[in-house]
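Peer 1: In order, the protein sequences belong to chains A and B.
No gaps in the numbering here: position 25 of the first sequence is 25 in my numbering, and each next residue is one more.
No gaps in the numbering here: position 395 of the second sequence is 1395 in my numbering, and each next residue is one more.
No wet-lab data here; the hints were simulated from the structure.
Ideal Cβ positions, reconstructed from N, Cα and C, are used throughout, including at glycine.
Mixed in with the good hints there might be a few duds.
[Unchecked claim] Away from chain A, derived, C-beta distances all over 10 angstroms, residues of chain B:
#1 S1026
#2 V1150
#3 G1154
#4 F1183
#5 L1338
#6 G1366
#7 N1430
[Claimed, not checked] Only pairs whose alpha carbons sit at most 27 angstroms apart, straight line, appear in this in silico DSSO-like list of lysine-lysine:
#8 K1415(B) x K1453(B)
#9 K148(A) x K1453(B)
#10 K145(A) x K1405(B)
#11 K1433(B) x K1176(B)
#12 K1350(B) x K148(A)
#13 K1176(B) x K1405(B)
#14 K1312(B) x K1405(B)
#15 K145(A) x K1350(B)
#16 K1299(B) x K1431(B)
#17 K1299(B) x K1312(B)
#18 K1312(B) x K1147(B)
#19 K47(A) x K162(A)
[What the hints assert, rightly or not] Derived coverage of chain A by chain B (criterion: at least 3 residues anywhere in the stretch with Cβ under 8 angstroms from a Cβ of chain B; other residues may be distant):
#20 64–76
#21 82–96
#22 134–140
#23 170–182
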Amino acid sequence: MSVTIATVNYTREDQRRGEVPYGSPVYNTIMGFLIREARLLDHREIKAWGELLAEDLEYKAPVRITRRVQQFDQEFGTMGHFDEDHNSMMLRITRLLTTTNAWSEDPASRVRRFISNVSIWETDAPDEYEVSSYLLLTRNRAEAKDYKQLSAERNDRLRMTKDGFKLARRSILLDQVVLGMPNFAIFL
Amino acid sequence: MRLNSRKEYANEAISQFIDIENREVSVAALHDAELYELELERIFAKAWLMIGHETEIPNVGDYVVRLMGEDQVIVARAADGQVHVSLNVCPHRAMHVCLADSGNARVHKCIYHGWAFRPDGSFIGAPIEREQMHGNIKTKDQLGLKKARVQLYGGLVFATWNHDGPSLDDWFGDMKFYYDMLFCRTDNGLEVLGPPQRLTIDANWKTAGEQSACDGFHTLTLHGSVIDIGAMGGESDTEHESAPAMYGINLSGNGHSLRCIAADTSWALAHGKGDLTPEQRLEAFPPPGITPELLPEVKRNMSAEQLHVLAKAPPVVGGMFPNMNILFIYSPLRDGTLGSALVLHSIMPKGPDHFEWTTYYFAEKGTPEHIKVMMRASATLGTGTSGIIEQDDSDTWPHMTESAKGVIGRTETLKYQAILGENRPSDWPNKAKVYEGFGKDDAQWEWWLAYHKLMTADA
Chain A
1 MSVTIATVNY
11 TREDQRRGEV
21 PYGSPVYNTI
31 MGFLIREARL
41 LDHREIKAWG
51 ELLAEDLEYK
61 APVRITRRVQ
71 QFDQEFGTMG
81 HFDEDHNSMM
91 LRITRLLTTT
101 NAWSEDPASR
111 VRRFISNVSI
121 WETDAPDEYE
131 VSSYLLLTRN
141 RAEAKDYKQL
151 SAERNDRLRM
161 TKDGFKLARR
171 SILLDQVVLG
181 MPNFAIFL
Chain B
1001 MRLNSRKEYA
1011 NEAISQFIDI
1021 ENREVSVAAL
1031 HDAELYELEL
1041 ERIFAKAWLM
1051 IGHETEIPNV
1061 GDYVVRLMGE
1071 DQVIVARAAD
1081 GQVHVSLNVC
1091 PHRAMHVCLA
1101 DSGNARVHKC
1111 IYHGWAFRPD
1121 GSFIGAPIER
1131 EQMHGNIKTK
1141 DQLGLKKARV
1151 QLYGGLVFAT
1161 WNHDGPSLDD
1171 WFGDMKFYYD
1181 MLFCRTDNGL
1191 EVLGPPQRLT
1201 IDANWKTAGE
1211 QSACDGFHTL
1221 TLHGSVIDIG
1231 AMGGESDTEH
1241 ESAPAMYGIN
1251 LSGNGHSLRC
1261 IAADTSWALA
1271 HGKGDLTPEQ
1281 RLEAFPPPGI
1291 TPELLPEVKR
1301 NMSAEQLHVL
1311 AKAPPVVGGM
1321 FPNMNILFIY
1331 SPLRDGTLGS
1341 ALVLHSIMPK
1351 GPDHFEWTTY
1361 YFAEKGTPEH
1371 IKVMMRASAT
1381 LGTGTSGIIE
1391 QDDSDTWPHM
1401 TESAKGVIGR
1411 TETLKYQAIL
1421 GENRPSDWPN
1431 KAKVYEGFGK
1441 DDAQWEWWLA
1451 YHKLMTADA
């Protein structure tokens, strides 16, 4: 296939082992992490959110491509809307928090992140979990009467540390090929 | 086909939108629906438009679907190995023939009635051959997909519906001399780093179009946050210290433009002061996108005049009329070294109040793989959807468009009255219009003049 199609499988089913039962202590703890994370971002507690990111973070939102169903496994490109590591996320956060002229979020959007359909699997690494969740995000800005919306499936790698869970990897699989919002000045 | 139905409207209205003498453009031009329809006919159906890169479709049958104005086209590599651009509209009943964004197909078969076409657009036939379901009024030769005129340049796919218009070389004019320094400088050329980002911005396409023509001035305020955190290549934390990069050489021709930043300014921002000769500096600090290993190729492929420009002040940002934005910039890589980001945007209109912003990232093919990966990440951090530079632009253009909806707002004007004037340095090539100094409105105004010329040209 051409150079533009990712060979990476962003859902990483091959790394999933036993599924963690719904309602179990581990499931509830991770669900709590996802809810807290969304709450921090929605309330612009970006610094506190940044502290949940692991040092070896990989944070990507690959470009999606409309394909014939025979090529359904080749929907995601090597390019992304995000292509981040820990340092670049910290730079983004620093810009938002320490400058007075990050105009794309000043005045800030009103954003709500609705997280659902959470599935969790154990992995070969003790204390690390593969977590799949659905994201529905609404974004309203200034006096707009309508919302910019976004839906996605997120496939995460969460790691339990002495400071609680950290996000080590997030692959955001967007449902839009042509985004309806003008930028990602927000995190997903 | 009637392309000139709005002719009378045009020639009167356009002169009202653009005040040549005072270098002002009516804000109404950012929202007017009639004007927009004319732009589709007179600009987007006439101009050479960049719609992709040949490395996206390396194999016979590979295709991508792209936009030319609001028209979808199939960009495909046919059995002859050449790139063909065909309207994605079945000549039978107007159904889209290709329904995917990209793929590989030796035959494009319309799902409605099964009319089939080759990647070069030619008509193969309709099902039940003996019944001759395409009729007997038109021959098969007359029933192919409508073909655009195609020209590759540095691997970039340019297409136009203007079959009798200027060649791409003539379209570029003197600016080709400078574009060659970005797109035709190495033996193997550029390649895309993946399929493009696409997003919709709720703004008139001209807001982004005219900005692409070397609006350097907005960097100080709109992109102030990027300067403040030192992510624009310097340690600067005040406007004054970042100001040197505001001085440079702007180039303009036929509405196209490039902005050249003095290499000693970039060098000083990256490495502190030094007293290298231009030739030494070119060795130590090649232009954006060129690794030291590729420099010998650049020296071989460029003329002495072009090498002089690259050593003195390489082009780094700019545009191509009507709807391209170019950034070939130095940019920090995640391993801590100063690398680069090679970025092209196209601005495709989607109605008077919307456009599609498409972003391509590139690297020279001869770049080591691990550096390509870092260049892609660096380009993503700075430009495109989440780019810390460009997310502020995408926030501004909708406001300008909104302003044009007010009956009073639309009586305001966009002003291009800060003029440097042509002042070519004695050692600079005598090619295109040259403006040296603090970047002003000259090149952007030339963009509007090119717009005016095309909009009023006899169709």
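Peer 1: Indicate, hint by hint, whether the structure satisfies it.
Peer 2: The hints, checked one at a time:
1. S1026: About 24 angstroms separates S1026(B) from the closest Cβ of chain A, which puts it past 10 angstroms; holds.
2. V1150: Holds, since 19 angstroms exceeds 10 angstroms.
3. G1154: Fine: 17 angstroms to the nearest Cβ keeps G1154(B) off the interface.
4. F1183: Non-interface label stands for F1183(B): nearest chain A Cβ at 18 angstroms, farther than 10 angstroms.
5. L1338: holds, 15 angstroms
6. G1366: The assertion about G1366(B) holds, with a minimum of 14 angstroms to chain A.
7. N1430: holds, 39 angstroms
8. K1415(B) x K1453(B): holds, 19 angstroms
9. K148(A) x K1453(B): violated, 38 angstroms
10. K145(A) x K1405(B): holds, 16 angstroms
11. K1433(B) x K1176(B): Measuring from Cα to Cα gives roughly 13 angstroms; hence the hint holds.
12. K1350(B) x K148(A): holds, 17 angstroms
13. K1176(B) x K1405(B): violated, 38 angstroms
14. K1312(B) x K1405(B): violated, 45 angstroms
15. K145(A) x K1350(B): Holds: K145(A) and K1350(B) sit about 21 angstroms apart, inside 27 angstroms.
16. K1299(B) x K1431(B): holds, 20 angstroms
17. K1299(B) x K1312(B): holds, 14 angstroms
18. K1312(B) x K1147(B): Judged against 27 angstroms, a Cα distance of about 43 angstroms means the pair is violated.
19. K47(A) x K162(A): holds, 19 angstroms
20. 64–76: Result for this restraint: holds, n = 5.
21. 82–96: Since 10 is at least three, the answer is holds.
22. 134–140: It is violated: at least three residues are needed, and the segment 134–140 of chain A offers just 0 whose Cβ sits closer than 8 angstroms to chain B.
23. 170–182: holds (count 6)
When the structure is compared with the earlier hints, violations turn up for hints 9, 13, 14, 18, 22 and for no others.
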